[in-house]
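Trainee: Spelled out, the chains give:
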Amino acid sequence: MNQTIPAAADYIRILPEIVLSIFGLVIMAVDPFIDQDKDQKSLGALGLAGTVAALISTWVMAQSPGLAFWNMVRVDGFSVFFHVLVIAIAIVLILTSYEYMAVQKLHAGEYYGLILFGLVGMCLMSSAVELVLIFIALEISSISTYILAGFRRRSATSSESSLKYFLLGSFATAFFLYGVALMFGATGSTNIDEISTVQNSGQVPVLAYVAMALMFVGLGFKVAAAPFHVWTPDVYEGAPAPVVGFMSTAPKAAAFAVLLRILFEANAPGRFWFIWISAALSMTLGNVAALVQDNVKRLLAYSSIAHAGYMLVAFAAIPELGTSAVMFYAASYAAMNVGAFAVVSHFANSGERYVTVKDYAGLGRRSPVLAGALALFLISLIGIPVTGGFFAKFYVFSAALQSNLVGLTIIGVINSAIGAYYYLKLIVMMYMREATEDVPVLPIPASLAAALAITLAATIYLGIAPGPVLGYAQRSAKQMLQRESPNEQAQHSASQGDAN
Amino acid sequence: MNTSVLDNLVLTLVTFIPAAGGVLLLLFPRRDRDIRIFSLIISLLTFGLSLHLIARVHRMLPGFQYEIDKAWISSPNIHYHMGVDGISLWLVLLTTFLTPLCVLISWTSIHERVKEFFILLLVLETALIGVFTSLDLFLFYFFWESTLIPMALLIGMYGHGRKVYAAVKFFLYTMVASVFMLASMLWLYAKVGSFDFVTIQNAIKAGQVAGFDAAAQWLFLGFFLAFAVKVPLFPFHTWLPDAHVEAPTAGSVLLAGVLLKMGTYGLLRFNLGLFPEQSRYNAAWIAALALIGIVYGALVAMVQPNMKKVIAYSSVSHLGFVVLGIFSFTQAGLNGAMFVMLAHGVSTGALFMLAGIIYERKHTYELAEMGGLAAPMPKYATFFCFIMLASVGLPLLNGFVGEFLVLSGAFLTNSWYGVIGATGVIWSACYLLWMYQRVFFGKVTHAENNSLPDLSPREQLALWPTAVAALVMGVAPLLWLNVIDPAVRSALAVAQVATKVVGQ
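Just so you know, the protein sequences line up as chains W and E, in that order. Heads up: the first sequence at position 425 corresponds to 425 in this note's numbering, and the numbers run straight through without jumps. Heads up: the second sequence at position 289 corresponds to 1289 in this note's numbering, and the numbers run straight through without jumps.
To be clear, the hints were calculated from the coordinates, so they are not data collected in a lab. Backbone N, C-alpha and C define an ideal beta-carbon position, used for all residues, glycine too. Among the hints, a few may not be true.
What the hints assert, rightly or not - Heads up, simulated DSS-like pairs for lysine-lysine below, C-alpha to C-alpha not over 30 Å straight-line: (1) W:Lys425 with E:Lys1115; (2) W:Lys478 with W:Lys425; (3) E:Lys1169 with W:Lys425; (4) E:Lys1169 with E:Lys1070; (5) E:Lys1191 with E:Lys1205; (6) E:Lys1169 with W:Lys478; (7) W:Lys164 with W:Lys105; (8) E:Lys1115 with E:Lys1191; (9) E:Lys1443 with W:Lys478; (10) W:Lys164 with W:Lys478; (11) E:Lys1169 with E:Lys1205; (12) W:Lys358 with E:Lys1169; (13) E:Lys1115 with W:Lys358; (14) W:Lys105 with W:Lys358; (15) E:Lys1443 with E:Lys1169; (16) W:Lys425 with W:Lys358; (17) E:Lys1443 with E:Lys1115; (18) E:Lys1070 with E:Lys1115.
Claimed, not checked - Facing chain E, a subset of chain W residues (Cβ under 10 Å, in silico): (19) Phe272; (20) Gly364; (21) Ala375; (22) Ser398; (23) Leu424; (24) Met432; (25) Ala435.
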């Protein structure tokens, strides 16, 4: 291993992470000197500035692709894609939280700091190519999210949510770490490139299979894939609504990025069947359980399990097709789900009082904008054309069909039909039922309007012109997969297609 | 071939002007009158433009005309490919013809959330026209699904009675069924690498699709299921009476007039066009279902106590004729099927408008609440009589031509088809005439009915075009048929070539 001192280029390759850390620290430092009641919003502005600066520095980073810090970090199209995605999600989250924190009378100080720190972890997850660094990034991201989940600290459910998430989450990361250790034992390295060299050499040690399974358990927990999903509904129900929107998209996207790297780039052995089973289970359990939910947050929690299942379908497909499909799915799911939660968190009002499906009755009449936006996000979640959700499902299923995964595709297609029912239930509530009790709807503040505008525009853009985003995903997927074994690029062909 | 600018653009304009109008409506202040007038102007403009299609069509040409083909999304390979032939052309016209009438008939009956109503109506029109004009499977699916939401919202927001139940049932039925169509499309795309209808058709014809023979039956069924639910073919029809009865008048008109034709159009275009062999192979049981639909729909219509339900079940019966005609594989049968589609669109659309008019006055569709209405409402009774006779299939009105052609085609294929199908004509006379008698003849049974106002000028304005169309279509069906015929002939040629291959 090269032990030279890191060059300037190395730092540029983690520039977004550096920028985010600095802004996070500044927020923490400024916090005590600020009048808690009046100037909370300035912290939010600082957070927003941090994320925007991170977005710009991602652009700078993208100009110098390559490895950094002794081959631990790799900047390529793939990592840039996920950087932009998680940072964009955070921007919307901050815009949504702006008013939410005031309505809920929450102390905002460390909230924005934690978001930025969490982002550091998620960004790093997408560019790390070294299992130990991935583990550290995973922990950075998880710990921030654990705390964010418990941020409504006067609410018992929120504390429960945080504790549950923390305990189960630590358990899952332990699995991951155990897997990393075994992988090191099996292949003699924790570097993904070197691991893939071993895997591709033909002689795969049995230990590597175990290691893979353990790592999958850890990451499966993070993406809320069945059968590691049981925490999701409780955690999502208790956590602050904007945070749920964030949790269900950004750390998930980052975890999917890690899964892509580990499963495809490192060419994980024996992955096929447990992905197949997990995908089928996630889709079915998620959708079926969502049918009977009364609480909108729980409903969307189960829906997010189902969506993790759809994404996993692509993992069972041929890597070239699957990777780009997952990337596109992550982006459009982020747009629609964060948007939906923006509406839910605004509508929930103080103390998150209005979160049941019944409360939404007649929203179409009382607040056409909120109802219209939520309806569009739900339509996208169903997967109806003109929305990103449609193309997301479309790419996943067509990747699966091109890989001859007919059975999994049929399960997926049936599931998306089941899914239509409970999303529709909410639309029906909003437009076709009259309100039974008077649920107050707060006026829409500018920041929320901006958040909705961003997510709506993204959802529709991905539904009308998915070409550019998908094209980018396909190019970067190709780039990532080609570098699978840097030493013997030529030797490696598309031969390890699929077990099916 | 003339390639004036309008010829190239006309399909795009006709398709998207309504939706663009809907978007503009979003910006309108909530002054209901302005909104209504604007919607009327937009829908009339669309109708006017669609007349260009018929004015410049090359009548003897079987292929697609006014084609426009632009790359939309590169991966997957999706094109903005539109075009019409003699089959789809008339269905586009039917849509643009009925929409202004829907606007007129909803003028006063919709008085709450008026803006949303007309936005939904216009968006629905775009989606419907798009279904008939798209030649890219993906684009077709896109429009197909896009019809769902506006229609479901129209039923659920503006309907009556169990409107939510009806809306959700309608949505789920169609959604679930069309998912299978999507799966078939994806399979075709995975093998052919294109969504283009013509490309896929040629690839299948040339036998270049790997694994097609093994999969074809399933693909056929995938498409068939989506279309059969839409038609609705017995036994997939249960959503229809609910949706119709609870829908607002304009919703019913478009539902019966155009939405159901999406299904029969799909059968004709895709099932027959892409899977001619399987169509032949499956024709017997599909024709049997169609015959059951004809008789069952008619018998059930006869015992309905509700005016809208009678008309709804009569649709099941009439659409059975269309399916029977399509799967008779004869020139006459297919021509007739097309003609029944158009005639049914006009006359059932009008019947639903008439039902809506009485509902606006009495807030019920129950036949028992009516009786002797001919005395207080003579104009209404006259229109109703005329349209009802058209629907029954009186010679010289539009219903007769199509049913006659279908039956003559069906006889050629299998005389039993003709015999059983022909009873449907008798049944339809029974239930419609009996309904007419109960509503209009005799003494006024309910005193309050004496003071019912007759048709207003606006309502007459909405009804006259349908009456005129019903008459002209009955007297001069060739105006329609000589455009339909070449397209049908080429569709049939595909099916016949395939049979010869099978026969060897």
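Trainee: Each hint should be assessed against the structure and marked as holding or not.
Mentor: Structure-based check of each hint:
A distance of roughly 23 Å separates the Cα atoms of lysine 425 of chain W and lysine 1115 of chain E; the hinted pair therefore holds under the 30 Å criterion. Between the alpha carbons of lysine 478 of chain W and lysine 425 of chain W the distance comes to roughly 40 Å, so the proposed pair goes past 30 Å and is violated. Taking the CA atoms of lysine 1169 of chain E and lysine 425 of chain W, the gap is near 12 Å; set against the 30 Å cutoff, the hint holds. Proximity of lysine 1169 of chain E to lysine 1070 of chain E is assessed by CA-CA distance (about 36 Å); at most 30 Å being required, the pair is judged violated.
Of the pairs offered as hints, the one joining lysine 1191 of chain E and lysine 1205 of chain E holds, with about 14 Å between alpha carbons and a cut-off of 30 Å not exceeded. With a CA separation close to 44 Å, the supplied pair lysine 1169 of chain E and lysine 478 of chain W exceeds the 30 Å bound. Between lysine 164 of chain W and lysine 105 of chain W the alpha-carbon distance is near 24 Å, which keeps this suggested pair within the 30 Å criterion. Restraint check for lysine 1115 of chain E and lysine 1191 of chain E: not satisfied, since their Cα atoms lie roughly 45 Å apart, outside the 30 Å limit.
Proximity of lysine 1443 of chain E to lysine 478 of chain W is assessed by CA-CA distance (about 81 Å); at most 30 Å being required, the pair is judged violated. Between lysine 164 of chain W and lysine 478 of chain W the CA atoms are separated by roughly 39 Å; this puts the pair beyond 30 Å, and the hint is violated. Simply put, lysine 1169 of chain E and lysine 1205 of chain E have alpha-carbon atoms about 38 Å apart, too far for the 30 Å limit, and the pair is violated. Only pairs whose Cα atoms come within 30 Å are accepted, and lysine 358 of chain W paired with lysine 1169 of chain E is accepted, the gap being roughly 20 Å.
Under the criterion of a C-alpha separation no larger than 30 Å, the hint pairing lysine 1115 of chain E with lysine 358 of chain W is consistent with the structure, at around 25 Å. Simply put, lysine 105 of chain W and lysine 358 of chain W have alpha-carbon atoms about 25 Å apart, close enough for the 30 Å limit, and the pair holds. Between lysine 1443 of chain E and lysine 1169 of chain E the alpha-carbon distance is near 39 Å, which puts this suggested pair outside the 30 Å criterion. Of the supplied pair hints, the one linking lysine 425 of chain W and lysine 358 of chain W holds, its CA atoms being roughly 10 Å apart against a limit of 30 Å.
Between the alpha carbons of lysine 1443 of chain E and lysine 1115 of chain E the distance comes to roughly 41 Å, so the proposed pair goes past 30 Å and is violated. For the hint pairing lysine 1070 of chain E with lysine 1115 of chain E, the CA-to-CA distance comes to about 34 Å; that exceeds 30 Å, so the pair is violated. Taking 10 Å as the C-beta cut-off, the interface hint given for phenylalanine 272 of chain W is violated, the closest approach to chain E being about 19 Å. For glycine 364 of chain W, the interface hint holds, the least distance from its beta-carbon to any beta-carbon of chain E being 8 Å, beneath 10 Å.
Hint on alanine 375 of chain W holds. Least Cβ distance to chain E is approximately 9 Å, under the 10 Å limit. Look at serine 398 of chain W: its Cβ gets to within about 5 Å of chain E, closer than 10 Å, so that hint holds up. At a threshold of 10 Å, the smallest CB-CB gap from leucine 424 of chain W to chain E is about 6 Å, leaving the interface hint in force. Contact between methionine 432 of chain W and chain E, as hinted, is supported at the beta carbon level, the nearest pair being about 4 Å apart and thus within 10 Å.
Taking 10 Å as the C-beta cut-off, the interface hint given for alanine 435 of chain W is violated, the closest approach to chain E being about 14 Å.
Consistency note: the structure conflicts with the earlier hints numbered 2, 4, 6, 8, 9, 10, 11, 15, 17, 18, 19 and 25.
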